[in-house]
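Asker: Next come the chains, spelled out residue by residue.
Number of protein chains: 2
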Amino acid sequence: MINYKDLDLTDNYAVLKAKKPFDIKTCLNADRIRKSNIREAGSMSYNYAAMPVDEDIIDTLQALADEQQLIEKYKALLSGERMNTGEDRLVLHQLTRGRAIDGLKVMADGVEKGDFYNQELEKIRVFSEKVRSGEIKGSTGKEIKTVIQIGIGGSDLGPRALCYALNLIGPQDGCTKKLEARFISNVDPDDACAVVSGLDLESTLFILVSKSGTTQETLANRDLVFKVMRDSGVQGLVPEKHVVAVTSNTSPLANNPDILAVFFMDDYIGGRYSATSPVGGVILSLTYGFDVFKAILDGAHAEDVCALESDIRKNGTLMDAMIGIYLRNALGYPYTAVLPYSQSLHRMPAHFQQLDMESNGKHVNRFGKVVNYQTGPVIFGEPGTNGQHSFYQLLHQGTDIVPMQFIGFRNAQGELDNMNGGSTSQTKLKANLVAQIVAFACGRDNAENPNKSFEGSRPSSLLCADRLDPFTLGAILAHFENKVMFQGFVWNINSFDQEGVQLGKILAKKVLAGCEGDENLEAYAEIMGI
Amino acid sequence: MINYKDLDLTDNYAVLKAKKPFDIKTCLNADRIRKSNIREAGSMSYNYAAMPVDEDIIDTLQALADEQQLIEKYKALLSGERMNTGEDRLVLHQLTRGRAIDGLKVMADGVEKGDFYNQELEKIRVFSEKVRSGEIKGSTGKEIKTVIQIGIGGSDLGPRALCYALNLIGPQDGCTKKLEARFISNVDPDDACAVVSGLDLESTLFILVSKSGTTQETLANRDLVFKVMRDSGVQGLVPEKHVVAVTSNTSPLANNPDILAVFFMDDYIGGRYSATSPVGGVILSLTYGFDVFKAILDGAHAEDVCALESDIRKNGTLMDAMIGIYLRNALGYPYTAVLPYSQSLHRMPAHFQQLDMESNGKHVNRFGKVVNYQTGPVIFGEPGTNGQHSFYQLLHQGTDIVPMQFIGFRNAQGELDNMNGGSTSQTKLKANLVAQIVAFACGRDNAENPNKSFEGSRPSSLLCADRLDPFTLGAILAHFENKVMFQGFVWNINSFDQEGVQLGKILAKKVLAGCEGDENLEAYAEIMGI
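So the protein sequences, as listed, match chains A and B.
Using our numbering, you'd call the opening residue of the first sequence number 1 and step up by one each time.
Using our numbering, you'd call the opening residue of the second sequence number 531 and step up by one each time.
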């Protein structure tokens, strides 16, 4: 029997809040570092040695996770419970990984949803192979070389971050050919202008992505690129023949027989959780090949399975989520920095920022009642070592403590490297990562010159793996998706709707309709020259 | 006579902390919006109507600014005072704009520094014109088409953000030809690998940027691209003939007669303040032409002049800075979101993140004494409308308030736009911006369904201008540089050093030397496979 209660009504909340943080500054040691390591999917592991939790706090986190029935709720979600209470919907993104956990069947809308998603997956395989082999060509007979996704929010950030992340993979990863992937998201016409400028439209395929088929930005950008194609003067260029759509089967985009193909998602896949659905699948399969996308799905699925473990000491995602609760609700930290030591992951923090802040930036519980505690933190980040020469100054010596989540790999993704001063670039990258964790945790006192003094006690965790290959990328993605889900369960909120985006949409329409007498809108519209 | 005192020792600190915030939710109106607008350089203005300050609070902010002698300190900095106390250095980035304020002369190291910077500027003009005209060619006789900056931190973020920001300018902006600009920053070998892959090395020019000439990442990347050039097998390709350096005249990079050219900066230009020095000037002049860079300098200079005004109601930068103090030290907000409604500014938040967090993320005052109040906040941001479909959920409905700084333009930068549903994309962009400001400030109650309720009272400001041209870009850059400087004066900290980056560097060297018996480093190095 599953119970839903607010965090402040649990037995363990007050217990947790009273726990004094473990002193990482003086008590971090090699034994702790080696022992505080949890294996996850593939070669991935989560290390929490530099987090301010001791065995006693971990016991309380386990008790709280049990009391809030995190694993039971995860299983309920997997089996088709309507976990998206605000919109009264199922939550099925884990079912888009190409296989169901434990072969679970989920019926909805008169179909088995696993079968439904797998059918779309097969459509993606067939279509992407035809485009990549040159069987499907542009309307003037040219092979497709560039794929442009037009979408915003979840239809952009996740797919884009994953596409960029695999930039340097090669035959060892099942990728023997690459098409160029680009993205148009912003309603700002300068976005589309920059992306299509100098482009060979005849060898370009556009992917329109909008679940509802009504997203203002996406439709405006579709019309804008159609106009560019029509104005190009190229004989025989038919815009519709350069377009596929990813949408729900009830959307206006679903019914255009003129376009090349339509791939379906549904209301049970939130935008920010849709990277493993056709929203990410079409562009990833076109760009790198279907096998690469399949490997991402395999990694995500393997990680979903790891997340079923109820022992917090054997479940890295659960540990990560629960430590986050301790940091947020007991220690009061309002933010977390996500710091990948991999240039290929340079847009992953932006995706995790959406994933986390849009899911858990909520002030009401899953029943719509205002909660009495803090929920999701602000998420930000940039790749290391870049950040070390930028905002790390504040992380080391600022007046506030910012918890950090490091991500690192033992090997580079590409094949280029070089020795310089006795070490390779990849080794330097890793040495910096290791150095930062210890510097943040242990600090260094300098009584003579406080300006050179590092207080330490800056908590961080480390998610690491052998190499950023497609499987590992999928596992990292699922780790963060499931972390956010677990934290939502602890806070008793609905991590799957986003009512907070609505008011802005309503008011923007009002401005476009002449402000309808709203004097504030009028005054700002005047300033902006509308 | 200038006095330096900690914020908590000022008369106005307690006064300010006691002030009840102005209620923007119920008191925002058209009159306030029109009146709370301060003209800055060119067409730019700063609007603070949706900030929780009334005339009484502004009076206190003025009194505090006067008490902390912000304008006097700015003038002292301009006239060569050693404001970088930690490193005992002058702070002269405003002098790199191509002209001195009020013709001020600053002597240091036996030269007049304005003349020194202007000489380098003239060198940039001559060199960039020769490269762009084809007079200077690559070592195999090909014209230079691609320029790659190798630098990290301040040698990367600012120049990169500015380069990207001007992507769509054209002849109306004095730009008749564009070279392609790219950037290598991260020591991760995958960064260089991705940038140089598929590149025509014969028509590429590299700019090495490191003030000290010893930056680990930059030297590793230099060697890495040299190796690629040597391994390319191209007859007659001489790597050194494809390289210029930007460095100080005492650095190891300054003394290589084999390379094409060297441009000098000095110790009085902090990395994060160096975008208008040769650090940004060489790549911007090569990419867009010297006249474009000169227009950026003109905009920055005009804004520097605006910032001299002592009346807070006539000085947008001062108002912005002081409202930030109220938000941080009276209301306790630990972060600020920077939200440009312009896709071309997509990397500007990353630059401002460094600028602000590295400058003011300090725990000691300018004399090295620990301070008793909060200093610089966490800065993050992404372009709108993208963010609206991402993290804005938390900004609207999260449990914490995040102050916001909007940036917008009346006209698009590029020439592409389209009508869709009765409005252009640019108008939609602006309508969204206007809508968000009002939605955040005023909210919307929904007693029946708190999940659809927006609490409002989310403060924001708006920096806006006619169009993102080079002059305006320079003005925006200087606005934020000067804002950070003013806030540093209020907090009595040194915004111009960065001791917080040192410990990580020391420990990274230790790891590369085998950890020297540090068991924590050893254990993490083991996990990372070092």
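Honestly, the hints are just simulated from the structure, not real lab data.
Quick caveat, the model's predicted, so the values are computed rather than measured.
There may be inaccurate statements among the hints.
[Unchecked claim] List time: in silico EDC-like cross-link candidates among lysine to aspartate or glutamate, alpha-carbon distance up to 16 Å: (1) A/K452 x B/E617; (2) B/K555 x A/E519; (3) A/K25 x B/D1048; (4) B/K899 x A/D445; (5) B/K555 x A/D518; (6) A/K369 x B/D975; (7) A/K25 x B/E1049; (8) A/K369 x B/E978; (9) A/K20 x A/E72; (10) B/K899 x A/E448; (11) A/K452 x B/D975; (12) A/K35 x B/E1049; (13) A/K227 x B/E617; (14) A/K35 x B/E1056; (15) B/K982 x A/E87; (16) B/K982 x A/E519; (17) B/K899 x A/E455; (18) B/K565 x A/E448.
Asker: Run every hint past the structure and note whether it holds.
Answerer: How the hints compare with the structure:
For the proposed pair A/K452 and B/E617, the alpha carbon gap of about 12 Å is at most 16 Å, so the pair holds. Simply put, B/K555 and A/E519 have alpha-carbon atoms about 14 Å apart, close enough for the 16 Å limit, and the pair holds. Proposed proximity of A/K25 and B/D1048 is supported: the alpha carbons are some 14 Å apart, at most 16 Å. Note on B/K899 and A/D445: the hinted pairing holds, with a Cα-Cα distance of about 14 Å set against a maximum of 16 Å.
Using a Cα cut-off of 16 Å, the hinted pair B/K555 and A/D518 holds, with the two alpha carbons roughly 14 Å apart. Distance hint between A/K369 and B/D975 is fulfilled; the C-alpha atoms sit about 14 Å from each other, no more than 16 Å. Restraint check for A/K25 and B/E1049: the C-alpha separation of about 14 Å stays at or below 16 Å, so the hint holds. The straight-line distance between the Cα atoms of A/K369 and B/E978 is roughly 10 Å, inside the 16 Å bound, and the hint therefore holds.
A threshold of 16 Å between alpha carbons decides the hint, and for A/K20 with A/E72 the separation of about 29 Å lies outside it, so the pair is violated. With a C-alpha separation of about 10 Å, the suggested pairing of B/K899 with A/E448 holds against the 16 Å cut-off. Straight-line distance between C-alpha atoms of A/K452 and B/D975 comes to about 50 Å, which puts the hinted pair past the 16 Å bound. About 14 Å separates the Cα atoms of A/K35 and B/E1049, which keeps this hinted pair within 16 Å; it holds.
Annotation: proposed proximity of A/K227 to B/E617 is violated, straight-line Cα distance about 57 Å (limit 16 Å). Among the hinted pairs, A/K35 with B/E1056 is consistent with the structure: their alpha-carbon atoms are about 13 Å apart, no more than 16 Å. For the suggested pair B/K982 and A/E87, the alpha carbons sit about 12 Å apart, so the restraint of at most 16 Å is met. Restraint check for B/K982 and A/E519: not satisfied, since their Cα atoms lie roughly 23 Å apart, outside the 16 Å limit.
Distance restraint check for B/K899 and A/E455: the Cα-Cα separation of roughly 14 Å lies within the 16 Å cut-off, and the hinted pair is therefore satisfied. A C-alpha spacing of about 50 Å is found between B/K565 and A/E448, which places the hinted pair above 16 Å, so the restraint is violated.
Checked against the numbered hints given earlier, this structure breaks hints 9, 11, 13, 16, 18; the rest are met.
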